[in-house]
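Colleague: Two chains, two frames, a set of hints: combine them into the complex.
One line per chain: the protein sequences are A and B, in this order.
Whatever position you read off the first sequence (first residue = 1), add 26 for our numbering.
Whatever position you read off the second sequence (first residue = 1), add 292 for our numbering.
These aren't lab readings, by the way, just hints derived from the structure by calculation.
These numbers were taken from a predicted model, which means no experiment stands behind them.
Check the hints yourself; a few may be wrong.
Simulated restraints, written as ranges between beta carbons of each label pair [stated by the list, open to error]:
1) B:E357 / A:I34: 25 to 31 Å
2) B:E357 / A:G55: 15 to 21 Å
3) B:N299 / A:I30: 47 to 53 Å
4) B:I385 / A:G37: 44 to 50 Å
Partner residues aside, some chain B positions facing chain A, computed with beta carbon under 10 Å [as the list claims (entries may be wrong)]:
5) V317
6) H324
7) S328
8) A359
Don't be surprised by glycine CBs; every beta carbon is placed ideally from N, CA and C.
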Amino acid sequence: MIYIISDIIIGDLLMGKVFEKFETEVKRGVLQLGVICLLDKEQYGYEIIKNLNNVGLKVEEGTLYPLLRRLEKDELLSSHWETSGPRPRKYYKTTDFGKEIRFKWLISYKSINTAVKRLEDNIQGK
Amino acid sequence: MHNNLINKYIKKVTKDMGSDQRKEVSKELEAHILDSVDAIAAEKNVKVDEAIIRKVILRMGSAEEVAAMYPIEKTFSDKALDTLKDIGRFAIIFLIISVIIWNVLRIYIKDLPFDTVTIFIFLIVFMILFSIHMISRFKIFSKYFKET
Numbered sequence: 027m028i029y030i031i032s033d034i035i036i037g038d039l040l041m042g043k044v045f046e047k048f049e050t051e052v053k054r055g056v057l058q059l060g061v062i063c064l065l066d067k068e069q070y071g072y073e074i075i076k077n078l079n080n081v082g083l084k085v086e087e088g089t090l091y092p093l094l095r096r097l098e099k100d101e102l103l104s105s106h107w108e109t110s111g112p113r114p115r116k117y118y119k120t121t122d123f124g125k126e127i128r129f130k131w132l133i134s135y136k137s138i139n140t141a142v143k144r145l146e147d148n149i150q151g152k
Numbered sequence: 293m294h295n296n297l298i299n300k301y302i303k304k305v306t307k308d309m310g311s312d313q314r315k316e317v318s319k320e321l322e323a324h325i326l327d328s329v330d331a332i333a334a335e336k337n338v339k340v341d342e343a344i345i346r347k348v349i350l351r352m353g354s355a356e357e358v359a360a361m362y363p364i365e366k367t368f369s370d371k372a373l374d375t376l377k378d379i380g381r382f383a384i385i386f387l388i389i390s391v392i393i394w395n396v397l398r399i400y401i402k403d404l405p406f407d408t409v410t411i412f413i414f415l416i417v418f419m420i421l422f423s424i425h426m427i428s429r430f431k432i433f434s435k436y437f438k439e440t
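Extracted from the complex, chain B is given alone in its bound form (with noise of 0.2 Å):
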């Protein structure tokens, strides 16, 4: 039917949610959801279509806002992988922008002491510097064990 708008707002709700939580959440949300157009239409004994759906997903408030009053609940493979996703989100970015810079220098330098294996030595040594100094700074905890 129209389930696209229903899972789209529900995707945006429960986005930064733990997976458990996630599942339940969505779960909860859409028979609401659905409960309440079901008795729009009923009530105005017309068939379901797009607009109620519309209406009954502006009449939750926004998506962000929803999102925001949940408690945060996340297992530890949730923050695990949270992690992960930053080491390897920081990894992409040092590993373009040492690319641009081993390109650039090679315009002007001859014979440059680097090459792609160097680059990715470079990478890896990062990694382990940037995820020893994010858990020693307790920066990963602090994120993720958050109250609200």
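Chain A with its partners taken away, still in its complex shape (with noise of 0.2 Å):
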């Protein structure tokens, strides 16, 4: 009995920690498309995270600014200080560069999505 509940328990963690693994390596490709789609207009971190939020695409809050760094980096995005508010903030928009790679982007990502759709039909007695 104790074997039994053992191995539920163990496999209930393992699955909630191979699920998480695939669900970031995921996420951190979607997460780029996101915030290169929303930033046609300029917005700061805080309101990055609540849209993403809003469409439904959770962001670990510590994960947005590391790859809005990154973004700005390679030119997808460009940035400048806005100190006029209550706190300064750092607003971020899409450069031009940044919407044409958009575009490639959104073909490889539905072209993705259309090869996961047509295998997900192929599973057996699904």
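Modeller: Have a look at this one:
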């Protein structure tokens, strides 16, 4: 009996871990696409997190800022500091280069989606 | 207020960054944490307290993990400073070890031919050799130029 219970518990833990790992890996790419789609109008970090959450893309807060920095370094985003508000804020916006890349990323993302859909349809006994 | 907690967290995240990046990232993360803290306090209709700040920091994720996600952006002076620190660290270790060895030897051998000046000269020779070694093996460069 104890073996069965411990098996279930260990199984659940493992399932959670495996699921999380997959989700983190997939999300990394999707998040870049999400940010670059969102930022046609300039926004600051806190707003970006809220807006991504609103469309159903849950972002771990600490993850977004390094990602914004990477995208900015690759010149997909531009930024400027706004100091007139209650506290200084860094606003980000998608650059023209970012928009070009976005177009390509969307195509690539959609083709991946279609492929997964086909694979899902082929799963037997679904 | 409770800014100590926030500063501690931000310091941990920006510990290994170059000075320009550290300044900007600190300012941005601080604004984010304060925005989140204010939003939670307003939502609950309470004053900002330590529990709320702890909650927001927890939500940010571990400082080490966040730090690891940032790209490495170091200027030449940052790299030079890092190299100097490395050399300094080795010099201190060398000094401590040589003083220990010197004192142990002194117990067994009378009239040692070394004194403090000798150790100091050894240290300088060691530092020069070590610097040349590090530069010639490109250790400094590969360490600070690594792309993640």
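Colleague: Work down the list of hints and note, for each, if the structure agrees.
Modeller: Hint-by-hint comparison with the structure:
no., hint, verdict
1, B:E357 / A:I34: 25 to 31 Å, "30 Å, holds"
2, B:E357 / A:G55: 15 to 21 Å, "18 Å, holds"
3, B:N299 / A:I30: 47 to 53 Å, "50 Å, holds"
4, B:I385 / A:G37: 44 to 50 Å, "49 Å, holds"
5, V317, "7 Å, holds"
6, H324, "5 Å, holds"
7, S328, "7 Å, holds"
8, A359, "8 Å, holds"
Of the numbered hints listed earlier, not one is contradicted by the structure.
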